[in-house]
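There are 2 protein chains.
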Amino acid sequence: MSKKVVIIGAHAAGVDAASACRKKDRTAEITLITKEPNAGYSRCGLPFVIGGQIPSFDDLIVFSPAYYKMLKLNLKKETQVIKIDKQNKSINSIDKNGATERLDYDKLIICTGASPFLPRIKGYEKKGIMSLRTLEDGRQIDQVVKRGTKTALIMGAGLIGLETGIGLQERGLKVTVVEMLPQILPAMLDLDMAKIVKEMLEQKRLLIFTEKRVEEILGEEKATGVIAGGEQINAEMLISAFGVRANTKLAADAGIALGETRAIKTNLRMETNVNDVFAAGDCAEVPNLITHKPSCSQLGTIAVRQGKVAGTNAGGGYALFEGVLASAVTKLFDTEVGSTGLTVNAAKRIKIETVSGTISSKTRADYFPGAKPIKIKIVVEKESHRIIGAQIIGGEEVTQRINALSFAIQKHMTVRELAKADTAYAPPLCETWEPVVLAAEVALRKLR
Amino acid sequence: MSKKVVIIGAHAAGVDAASACRKKDRTAEITLITKEPNAGYSRCGLPFVIGGQIPSFDDLIVFSPAYYKMLKLNLKKETQVIKIDKQNKSINSIDKNGATERLDYDKLIICTGASPFLPRIKGYEKKGIMSLRTLEDGRQIDQVVKRGTKTALIMGAGLIGLETGIGLQERGLKVTVVEMLPQILPAMLDLDMAKIVKEMLEQKRLLIFTEKRVEEILGEEKATGVIAGGEQINAEMLISAFGVRANTKLAADAGIALGETRAIKTNLRMETNVNDVFAAGDCAEVPNLITHKPSCSQLGTIAVRQGKVAGTNAGGGYALFEGVLASAVTKLFDTEVGSTGLTVNAAKRIKIETVSGTISSKTRADYFPGAKPIKIKIVVEKESHRIIGAQIIGGEEVTQRINALSFAIQKHMTVRELAKADTAYAPPLCETWEPVVLAAEVALRKLR
Numbered sequence: 001m002s003k004k005v006v007i008i009g010a011h012a013a014g015v016d017a018a019s020a021c022r023k024k025d026r027t028a029e030i031t032l033i034t035k036e037p038n039a040g041y042s043r044c045g046l047p048f049v050i051g052g053q054i055p056s057f058d059d060l061i062v063f064s065p066a067y068y069k070m071l072k073l074n075l076k077k078e079t080q081v082i083k084i085d086k087q088n089k090s091i092n093s094i095d096k097n098g099a100t101e102r103l104d105y106d107k108l109i110i111c112t113g114a115s116p117f118l119p120r121i122k123g124y125e126k127k128g129i130m131s132l133r134t135l136e137d138g139r140q141i142d143q144v145v146k147r148g149t150k151t152a153l154i155m156g157a158g159l160i161g162l163e164t165g166i167g168l169q170e171r172g173l174k175v176t177v178v179e180m181l182p183q184i185l186p187a188m189l190d191l192d193m194a195k196i197v198k199e200m201l202e203q204k205r206l207l208i209f210t211e212k213r214v215e216e217i218l219g220e221e222k223a224t225g226v227i228a229g230g231e232q233i234n235a236e237m238l239i240s241a242f243g244v245r246a247n248t249k250l251a252a253d254a255g256i257a258l259g260e261t262r263a264i265k266t267n268l269r270m271e272t273n274v275n276d277v278f279a280a281g282d283c284a285e286v287p288n289l290i291t292h293k294p295s296c297s298q299l300g301t302i303a304v305r306q307g308k309v310a311g312t313n314a315g316g317g318y319a320l321f322e323g324v325l326a327s328a329v330t331k332l333f334d335t336e337v338g339s340t341g342l343t344v345n346a347a348k349r350i351k352i353e354t355v356s357g358t359i360s361s362k363t364r365a366d367y368f369p370g371a372k373p374i375k376i377k378i379v380v381e382k383e384s385h386r387i388i389g390a391q392i393i394g395g396e397e398v399t400q401r402i403n404a405l406s407f408a409i410q411k412h413m414t415v416r417e418l419a420k421a422d423t424a425y426a427p428p429l430c431e432t433w434e435p436v437v438l439a440a441e442v443a444l445r446k447l448r
Numbered sequence: 001m002s003k004k005v006v007i008i009g010a011h012a013a014g015v016d017a018a019s020a021c022r023k024k025d026r027t028a029e030i031t032l033i034t035k036e037p038n039a040g041y042s043r044c045g046l047p048f049v050i051g052g053q054i055p056s057f058d059d060l061i062v063f064s065p066a067y068y069k070m071l072k073l074n075l076k077k078e079t080q081v082i083k084i085d086k087q088n089k090s091i092n093s094i095d096k097n098g099a100t101e102r103l104d105y106d107k108l109i110i111c112t113g114a115s116p117f118l119p120r121i122k123g124y125e126k127k128g129i130m131s132l133r134t135l136e137d138g139r140q141i142d143q144v145v146k147r148g149t150k151t152a153l154i155m156g157a158g159l160i161g162l163e164t165g166i167g168l169q170e171r172g173l174k175v176t177v178v179e180m181l182p183q184i185l186p187a188m189l190d191l192d193m194a195k196i197v198k199e200m201l202e203q204k205r206l207l208i209f210t211e212k213r214v215e216e217i218l219g220e221e222k223a224t225g226v227i228a229g230g231e232q233i234n235a236e237m238l239i240s241a242f243g244v245r246a247n248t249k250l251a252a253d254a255g256i257a258l259g260e261t262r263a264i265k266t267n268l269r270m271e272t273n274v275n276d277v278f279a280a281g282d283c284a285e286v287p288n289l290i291t292h293k294p295s296c297s298q299l300g301t302i303a304v305r306q307g308k309v310a311g312t313n314a315g316g317g318y319a320l321f322e323g324v325l326a327s328a329v330t331k332l333f334d335t336e337v338g339s340t341g342l343t344v345n346a347a348k349r350i351k352i353e354t355v356s357g358t359i360s361s362k363t364r365a366d367y368f369p370g371a372k373p374i375k376i377k378i379v380v381e382k383e384s385h386r387i388i389g390a391q392i393i394g395g396e397e398v399t400q401r402i403n404a405l406s407f408a409i410q411k412h413m414t415v416r417e418l419a420k421a422d423t424a425y426a427p428p429l430c431e432t433w434e435p436v437v438l439a440a441e442v443a444l445r446k447l448r
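Just so you know, the sequences run in chain order C and B. In terms of my numbering, the first sequence has 33 at position 33, counting the first letter as 1, and numbering is strictly consecutive. In terms of my numbering, the second sequence has 70 at position 70, counting the first letter as 1, and numbering is strictly consecutive.
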C-alpha cells in the first residue's frame with residue numbers, strides 16, 4: 001500500500017516539502033491542505049505588486065495547477081485542519097462549505113506558517129487595521145488604494161513594514177511609518193547602518209518615526225489613526241506590521257512540543273517530538289549556525305530549505321537541515337539592503353564580544369560612469385577572529401556580497417583570511433580592491 | 001639614515017607596493033621608476049575608453065600627482081632601468097634625454113609587468129600591428145579609429161582581445177576575431193560555457209573564428225590582413241591579443257631566478273631568491289591555491305595584492321601572499337562573464353578528476369519584470385567533493401557570485417555544504433533558490 005503523506009500548508013515550505021517527498025517516493029499519496037483560496041504563491045512578492053513593479057497578484061502564483069498534477073499532489077484549498085490526532089495518526093479538517101473530513105497519515109508535515117501579530121493596544125479591535133501576509137490581504141489593500149485613499153500609516157519598520165510603505169507611496173499615498181525601537185530594520189541592521197537607510201528613505205519622502213510606541217488606535221468603529229509616542233497621527237489606511245508569530249495552536253493542542261522561541265521544536269531532520277510528524281517553514285524552530293541556539297527567522301529561503309528536508313525525510317530519504325544565518329536582503333526604492341549572521345547588537349545581547357569594520361566604497365571602478373555608493377559593515381568575533389555577521393547598503397550587487405559573506409561565516413573564515421581573499425574585478429562591475437575585503441581590513445586593524 | 005626603497009614599475013603592483021611600504025616606514029626614501037610617460041593608471045579600463053563608456057584616457061589615471069606628493073613618493077617617469085646590480089645593491093637607469101643615473105637601494109621591488117606577446121608568424125615585423133597594454137597604446141588605437149578606420153581584426157579571443165574587439169565595434173568598426181584554440185576565453189571557461197558566450201557575441205554581430213591559427217600577416221610594408229586557418233581576412237586595423245609575457249629580462253640578467261612559468265620566482269613574502277629583492281605583479285609567479293603549483297595569472301587584482309605584500313615586507317612589516325584562484329570577470333556587451341578556480345579542462349590537464357553541475361536560472365524571481373538569464377557551472381573535485389572552480393554567464397550579479405564561490409573554494413567548502421548554504425532572497429534581486437546552490441545540487445546528484 002502506498003504511503004500517506006499529509007502536509008498542512010501549501011506555500012513555500014509545504015509545496016517544497018511535497019516536491020521533495022515525491023522525488024523520494026513515486027507512489028506516496030501526498031495531500032496538501034491550505035485554508036487559503038490560493039496556494040503556492042510568493043508572499044515576498046506582495047509588496048511589489050502593491051508598488052506596481054509586478055503587474056498582478058496572479059503573477060505571484062509560482063506553482064500552477066499543472067505542477068500539482070504533474071507531481072500527482074492532491075491539493076485541498078479553503079480547507080482548515082482543526083485537529084491532529086497523533087495516537088490514531090490522522091487529522092480532521094473542515095472545508096469552506098462546512099464539510100468535515102478525517103484523513104489518515106503515515107507522515108505528517110506541519111507547515112502552518114505564521115500570522116501577523118497585533119499587540120493588544122487600546123483600540124486594537126477596531127475595524128480597518130490591515131496587514132500584508134496573504135494574497136487576499138494584498139488584494140484588499142489594493143482595493144483600498146484604488147478607492148482613492150490618500151494616507152497610510154505603517155505600524156512597524158521591519159522588512160514588511162518598509163516594503164509595504166514604499167509600495168503604497170509608489171501608488172501615490174502619503175505614508176508614515178512608526179516604530180517602537182530606536183531604529184528601523186532591527187533584525188537586520190545595527191543602529192549606525194539603520195540610520196543611513198532611514199535617511200535615504202526620508203530623502204525619498206517616506207516619513208519615519210522611531211522610538212514611538214503605538215499606544216492607542218483611534219477612531220470610532222473604524223481605525224482612523226493612532227497615538228504613538230504621545231503624538232496623534234491620522235491616516236485613512238492603517239497597516240499592522242508589528243511582525244509575525246508562528247502558527248502553533250494546532251501542533252500545541254496535539255501535544256507537539258514548542259521550543260523556547262515559541263515555534264515548533266524540531267531536530268535536524270525537521271522531526272518534531274512526535275513520531276512521524278515533521279514541521280517546516282515559519283512555524284518551525286531551527287538552530288542558528290553561529291549561536292547554536294534555537295531561532296525562528298521566518299524567511300522564505302529558510303522555509304523552502306526546511307520544507308525540502310522535511311519532505312525528503314517524510315518520503316523515506318535522509319536529509320539534515322543544519323541551521324540558519326538568516327541571510328536577508330531587500331530593495332527599498334533603488335537601494336539594496338542586506339544582512340547575514342549577527343549584528344553587533346544581537347551579538348552583544350548574547351554576550352559575544354565583537355569588533356566591526358565599516359567601509360564606504362563604490363560598486364564599480366571610481367572612474368566608470370554609473371558607479372554607485374556601497375557601505376559594508378563586517379562583524380567579527382573578538383576571541384576567534386571569525387566573521388560572524390555582515391550588513392550591506394548599496395546601489396547594486398548587495399545580495400551576492402551577502403551570500404559571499406554567508407559562505408565565509410558558514411566556513412568559519414577569519415577576518416584575516418577575508419582581508420586576503422581572492423576576488424574578481426572589472427571596471428564596469430566592481431573596484432580593484434573589493435569593498436568586502438577592505439571592510440575586513442578595517443576590522444583586522446582594530447584587532448592588532 | 002632612512003631606508004632606500006626602489007620600485008621598478010609604477011602601476012597596479014608598483015604603486016600599491018609604494019603605498020604599503022610608506023605605511024610601514026614613514027621616513028623611507030621611496031622611488032618609483034617607470035619607462036612610461038604615465039603612471040598609476042588602470043590598464044583594465046583601456047578597452048572601455050576605446051568603447052566610449054569611459055569618456056577619456058585621463059580618467060584612468062587613478063593616482064594623481066597629489067597622491068605621490070602626499071605619500072612622499074619619488075616618481076620618475078619615462079625612465080628605463082637598464083641594470084640591477086645585486087652585489088652593490090643598486091640599479092642603473094636612463095631617462096628620455098639619455099641621462100643615466102645610478103640609484104642605491106636597501107630594498108628593491110621589481111614590478112616590471114608583462115608585455116603583449118606577438119609570435120614570430122610570417123610577416124610579424126610588418127608595421128601597424130597594434131596591441132592594447134598601455135595608455136599610449138590606447139591613444140594610438142583611438143587615433144586610428146578617429147581616422148575613419150572601418151574594419152579591425154583581433155588576433156586572440158582572450159579577455160583583452162574580446163574587450164578590445166567589442167570596444168572597436170561600439171565605435172562603429174566591423175570587427176573580426178580569430179582564435180587558434182577551439183574556444184574563446186580559454187583561461188576562464190570550458191568549451192560548453194564558451195560556446196554560449198560566443199553565440200551571444202555573434203548575435204551582437206562580432207565575427208569570431210575559432211580554431212584558426214594566424215599563419216601569416218599580409219601586406220606590403222604595413223599589415224593589411226592575415227591568413228588564418230588557410231583563409232584570408234583583410235582589415236585596416238590589426239590588433240595583437242595573443243596574450244602577455246612577464247617582463248623578466250632585467251631580473252634574469254641580474255641572476256634573479258625565474259620559475260617554471262617563466263615569471264620571477266617568489267616566496268610567500270614576495271621575495272625573490274636574491275636578498276632584499278622582491279617581485280610583484282604581472283612579472284611575478286605565485287602559487288595557485290588549489291594546485292599549489294606556481295602560476296602567473298597576470299590580473300590586476302592579483303597585482304595590487306602582491307604589491308601590497310611586497311611593499312609591507314620591504315617597509316619592515318610582515319605579510320604573506322598565500323596564492324591565487326585567478327578569479328576574473330568581464331562585461332561583454334550586456335553579458336557578465338566570470339570565473340574562479342579551475343575549469344574542468346584545466347583540472348583534467350593536471351589529472352584532477354572532476355564532476356560538474358550546470359544550471360540555467362534567472363537573476364530575479366521569475367515573475368519579477370527584468371529578470372535576466374544566468375548560467376552557472378560548478379566544478380567539483382571528485383575525490384574530496386570540494387568545489388574547485390566555477391564559471392558564470394549572466395545578465396547581472398555575476399561578479400559577487402564569483403567572489404562567493406571564490407570564498408567557498410578558499411575555505412574548502414564541499415559541494416554538499418554549498419547545496420545547503422544559507423542565502424539571501426528578495427524578488428527584485430534574486431530567486432528563492434539561489435542558482436549557485438542549485439548548480440551545486442546538480443553536481444551533488446552526480447556524485448551519489
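No wet-lab data here; the hints were simulated from the structure. Every residue, glycine too, gets a C-beta built ideally from N, C-alpha and C. There could be a bad hint or two in this list.
List time: in silico DSSO-like cross-link candidates among lysine-lysine, alpha-carbon distance up to 30 Å [claimed, not checked]:
id, chain 1, residue 1, chain 2, residue 2
1, B, Lys249, B, Lys122
2, C, Lys382, C, Lys348
3, C, Lys420, B, Lys23
4, C, Lys331, B, Lys372
5, C, Lys348, B, Lys86
6, B, Lys126, B, Lys222
7, C, Lys420, B, Lys195
8, C, Lys72, C, Lys127
9, C, Lys372, B, Lys362
10, C, Lys96, C, Lys83
11, B, Lys293, B, Lys372
12, B, Lys150, C, Lys24
13, B, Lys222, C, Lys331
14, C, Lys420, B, Lys351
15, B, Lys89, B, Lys127
16, B, Lys83, C, Lys411
17, B, Lys23, B, Lys122
18, C, Lys69, B, Lys446
19, B, Lys375, C, Lys375
20, C, Lys96, C, Lys331
21, C, Lys372, B, Lys83
22, B, Lys446, C, Lys72
23, C, Lys362, B, Lys126
Label-pair distances were calculated between CB atoms; the ranges are [claimed, not checked]:
id, chain 1, residue 1, chain 2, residue 2, range
24, C, Thr291, B, Gln140, 36 to 44 Å
25, C, Glu353, B, Met70, 34 to 42 Å
26, C, Thr291, B, Leu71, 48 to 56 Å
27, C, Ser2, B, Glu353, 53 to 61 Å
We went through each hint and held it up to the structure:
For the proposed pair lysine 249 of chain B and lysine 122 of chain B, the alpha carbon gap of about 25 Å is at most 30 Å, so the pair holds. Restraint check: the Cα-Cα separation between lysine 382 of chain C and lysine 348 of chain C comes to about 12 Å, which is no more than 30 Å; the hinted pair holds. A hinted pair counts as satisfied when its Cα atoms are at most 30 Å apart, and lysine 420 of chain C with lysine 23 of chain B qualifies at roughly 17 Å. Restraint check for lysine 331 of chain C and lysine 372 of chain B: the C-alpha separation of about 17 Å stays at or below 30 Å, so the hint holds.
Between lysine 348 of chain C and lysine 86 of chain B the alpha-carbon distance is near 55 Å, which puts this suggested pair outside the 30 Å criterion. Between lysine 126 of chain B and lysine 222 of chain B the CA atoms are separated by roughly 5 Å; this keeps the pair inside 30 Å, and the hint holds. Simply put, lysine 420 of chain C and lysine 195 of chain B have alpha-carbon atoms about 33 Å apart, too far for the 30 Å limit, and the pair is violated. Pair hint lysine 72 of chain C plus lysine 127 of chain C does not hold up; C-alpha atoms about 41 Å apart against a cutoff of 30 Å.
For the proposed pair lysine 372 of chain C and lysine 362 of chain B, the alpha carbon gap of about 23 Å is at most 30 Å, so the pair holds. About 16 Å separates the Cα atoms of lysine 96 of chain C and lysine 83 of chain C, which keeps this hinted pair within 30 Å; it holds. Simply put, lysine 293 of chain B and lysine 372 of chain B have alpha-carbon atoms about 37 Å apart, too far for the 30 Å limit, and the pair is violated. A hinted pair counts as satisfied when its Cα atoms are at most 30 Å apart, and lysine 150 of chain B with lysine 24 of chain C does not qualify at roughly 61 Å.
Distance restraint check for lysine 222 of chain B and lysine 331 of chain C: the Cα-Cα separation of roughly 55 Å exceeds the 30 Å cut-off, and the hinted pair is therefore not satisfied. Pair hint lysine 420 of chain C plus lysine 351 of chain B holds up; C-alpha atoms about 28 Å apart against a cutoff of 30 Å. Restraint check: the Cα-Cα separation between lysine 89 of chain B and lysine 127 of chain B comes to about 40 Å, which exceeds 30 Å; the hinted pair is violated. For the hint pairing lysine 83 of chain B with lysine 411 of chain C, the CA-to-CA distance comes to about 47 Å; that exceeds 30 Å, so the pair is violated.
At roughly 50 Å between alpha-carbon atoms, lysine 23 of chain B and lysine 122 of chain B are farther apart than 30 Å, so this suggested pair is violated. Proximity of lysine 69 of chain C to lysine 446 of chain B is assessed by CA-CA distance (about 28 Å); at most 30 Å being required, the pair is judged to hold. Between the alpha carbons of lysine 375 of chain B and lysine 375 of chain C the distance comes to roughly 28 Å, so the proposed pair stays at or under 30 Å and holds. Only pairs whose Cα atoms come within 30 Å are accepted, and lysine 96 of chain C paired with lysine 331 of chain C is rejected, the gap being roughly 37 Å.
A C-alpha spacing of about 45 Å is found between lysine 372 of chain C and lysine 83 of chain B, which places the hinted pair above 30 Å, so the restraint is violated. Between the alpha carbons of lysine 446 of chain B and lysine 72 of chain C the distance comes to roughly 26 Å, so the proposed pair stays at or under 30 Å and holds. Between lysine 362 of chain C and lysine 126 of chain B, the direct Cα distance comes to roughly 43 Å. Violation of the 30 Å bound is thereby established for this hinted pair. Distance hint check for threonine 291 of chain C and glutamine 140 of chain B: the Cβ-Cβ separation is about 60 Å, which falls outside the suggested range of 36 to 44 Å.
A beta carbon spacing of about 36 Å between glutamate 353 of chain C and methionine 70 of chain B agrees with the range 34 to 42 Å that was offered as a hint. Distance hint check for threonine 291 of chain C and leucine 71 of chain B: the Cβ-Cβ separation is about 44 Å, which falls outside the suggested range of 48 to 56 Å. A beta carbon spacing of about 40 Å between serine 2 of chain C and glutamate 353 of chain B contradicts the range 53 to 61 Å that was offered as a hint.
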